[in-house]
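Since the structure of chain P is already known, use the hints to place chain F on it.
Here the protein sequences line up with chains P and F, keeping their order.
First residue of the first sequence: 1, per our numbering; consecutive thereafter.
First residue of the second sequence: 1001, per our numbering; consecutive thereafter.
Hints were generated in silico from the structure; no laboratory data involved.
Among the clues, some could well be false.
[Unchecked claim] As a list, the in silico PhoX-like pairs of lysine-lysine whose alpha-carbon atoms are at most 25 Å apart: (1) P:108 <-> F:1048; (2) F:1224 <-> F:1148; (3) F:1202 <-> F:1417; (4) F:1139 <-> F:1416; (5) P:54 <-> F:1024; (6) P:54 <-> P:108; (7) F:1024 <-> P:55; (8) F:1169 <-> F:1202; (9) F:1222 <-> F:1186.
[Claimed, not checked] Label pairs and their computed distance ranges (CB to CB): (10) P:137 <-> F:1048: 22 to 30 Å; (11) P:92 <-> F:1385: 42 to 50 Å; (12) P:144 <-> F:1319: 48 to 56 Å; (13) P:105 <-> F:1048: 20 to 28 Å; (14) P:146 <-> F:1057: 35 to 43 Å.
All figures in this text were calculated on a predicted structure; none of them were measured in a lab.
We treat Cβ as the ideally placed atom computed from N, Cα and C, and that holds for glycine.
What follows is each chain in one-letter form.
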Amino acid sequence: MSKVFIYPSTSLILSDMVARFGHEPLGAAIKIRERIQTPGFDSPPLQMTPEDPKKGLKYAAVEVPAGVRGRMAIFGPLIEEAEAAVIVNDSDLAFGCMGCARTDELVKFMIRQRKDIPILEIVYPSNEDEGLAFVDSIKNFLDGLSAKEVPK
Amino acid sequence: MNDADQKVRVAQLSCGPEHSGVQKEIDEAAAAVNAEMFFPDVTLKDVKKAYKEFGLEARSADLKLAIARAKALVDGSVEADAVFIATCFRCSEAAIVRNELRRYIHNNSTLPVVSYSFTERTTSGTLLTRMEALTTIAKRRALLAREKQVGITLGIDSGSATTKAVIMKDNEIVGTGWTPTTEVLKSADIVVNDALTMAGLKMSDIQAIGTTGYGRYLIGEKMKADIIQEELTVNSKGAVYLADRQHGEATVIDIGGMDNKAISVQDGIPGTFTMGGICAGASGRFLEMTSKRLGVDITELGPLAMKGLSKEVPMNSYCIVFGTQSLVNALAEGHSKENVAAAACRSVAEQVFEQQLQEVDIKEPVIMVGGTSLIAGLVNEMGRLLQTEVVVPPYSQYIGSVGSALLASGFIDEKKKGE
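Chain P extracted, bound-state conformation (with noise of 0.2 Å):
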């Protein structure tokens, strides 16, 4: 079982998908309601303080928006942890989406700067024969982390 980050990060259907095939995913899912009543598409479930953004400081100096620390005060310590990951291009906001393009900009980078483990990077599909190789290719890309594995 690998570590895998999944982005977008709030996606419930690839955070499933992560698990059913063996792994636990790193993000923090939601699931993305018909109707938003939440001040934000990728509403953190716990309240944060003033004091979060400033362990993003890491990632994001202080000249970066503070939103963008804060969800790197999240997300960063979860890339450093994986062991692979899996990044969807262009996504639709239902499949899952986080709130800030400049955070998805950074978060985009430092999984690629993570030149250690593997990374599936593909587009979101448009239409059925698509999304039927999509499924196949987040398949192979598990199925293939478990077959790295050494056996116990």
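Just chain F now, kept in the frame of chain P:
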């Protein structure tokens, strides 16, 4: 539950407050003025449609959500009393969206709106005055509709730099008092006594009291004021009253000792407003420092600046430290006092123009109020930047006190009924 007990519902359109750790601060500021924040309920489908229709390309999903929520408010599918737009400071994408949403709501609805950019250091105290003004505009329109002062009333404005008092009798100013703010209550006592002496009245003659400014709660509670009100609505009211522009559009600019206010007014009631200032370099403090460095009294700075040519001296007071460096360098290079004074006025006007006046829609007449409106050089430079003749009404330095005394007179009848 009567109308006064009902909470003011403030729609929040935002990007980043939760992850910045300031959502709690926003909620607390709202609760302190009997308001509650809510997030207009929209569907995913609404977001995609509204974003496309609005036509502003934003990549952040939460900004797309803010656009959809703004459209829901304007379309009337979601009801609110006021709107608060908040995004992260230093995010250019958010700044563009924030500004356009503010303009869109202001132009297409009657909802009062204020926008703010926060950092993780933003506290509920910082937001309180803005939130109080929003709720007053939303729920106390009848109070703000008062155009004439009646009876004998006292208005006290406890500012960061100076404390002012005004006594009004039958729609006339009959007494004034002014002193630098030291201890809040002591300063208030001084100005009230001065105003009473000038008016030839006793405290027992006063029928109603209003307080505003930073020390409004402390003074208001001690003097049992009838109305304790933030300075955004009070100054707007005082400005249009003194300038005799109570009907139609106007823009009120108040460059204070610690912060600046720019308010877009319709029939004496603020529509959009901005309050703040990045640094003291954009406030009256910089001009106070300039006058000290030039060896002149602050009252002489304006006439001195009017004799100078501001363009002759490069000066940028974005930061008060850099501004002071420019000041010292200019004098060391042999520039005249007149030119340096004019450049200082231009620099403060430029900072206010660049940092704040972009956030409200400038509508004529532009009325300048507060102590700095007496500095002719500053008014001149502001007029030049805005390409309009700026109106400075009589008693403009007492604007908060006059607004308070005017609004307080609305409580005389209520008190009589209660006796």
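Comparing the hints with the structure gives:
{"no.": "1", "hint": "P:108 <-> F:1048", "in the structure": "holds, 24 Å"}
{"no.": "2", "hint": "F:1224 <-> F:1148", "in the structure": "holds, 23 Å"}
{"no.": "3", "hint": "F:1202 <-> F:1417", "in the structure": "holds, 23 Å"}
{"no.": "4", "hint": "F:1139 <-> F:1416", "in the structure": "holds, 24 Å"}
{"no.": "5", "hint": "P:54 <-> F:1024", "in the structure": "holds, 17 Å"}
{"no.": "6", "hint": "P:54 <-> P:108", "in the structure": "holds, 21 Å"}
{"no.": "7", "hint": "F:1024 <-> P:55", "in the structure": "holds, 18 Å"}
{"no.": "8", "hint": "F:1169 <-> F:1202", "in the structure": "holds, 13 Å"}
{"no.": "9", "hint": "F:1222 <-> F:1186", "in the structure": "holds, 12 Å"}
{"no.": "10", "hint": "P:137 <-> F:1048: 22 to 30 Å", "in the structure": "holds, 26 Å"}
{"no.": "11", "hint": "P:92 <-> F:1385: 42 to 50 Å", "in the structure": "holds, 47 Å"}
{"no.": "12", "hint": "P:144 <-> F:1319: 48 to 56 Å", "in the structure": "holds, 55 Å"}
{"no.": "13", "hint": "P:105 <-> F:1048: 20 to 28 Å", "in the structure": "holds, 22 Å"}
{"no.": "14", "hint": "P:146 <-> F:1057: 35 to 43 Å", "in the structure": "holds, 41 Å"}
Comparing the model with each earlier hint shows no violations; every hint is respected.
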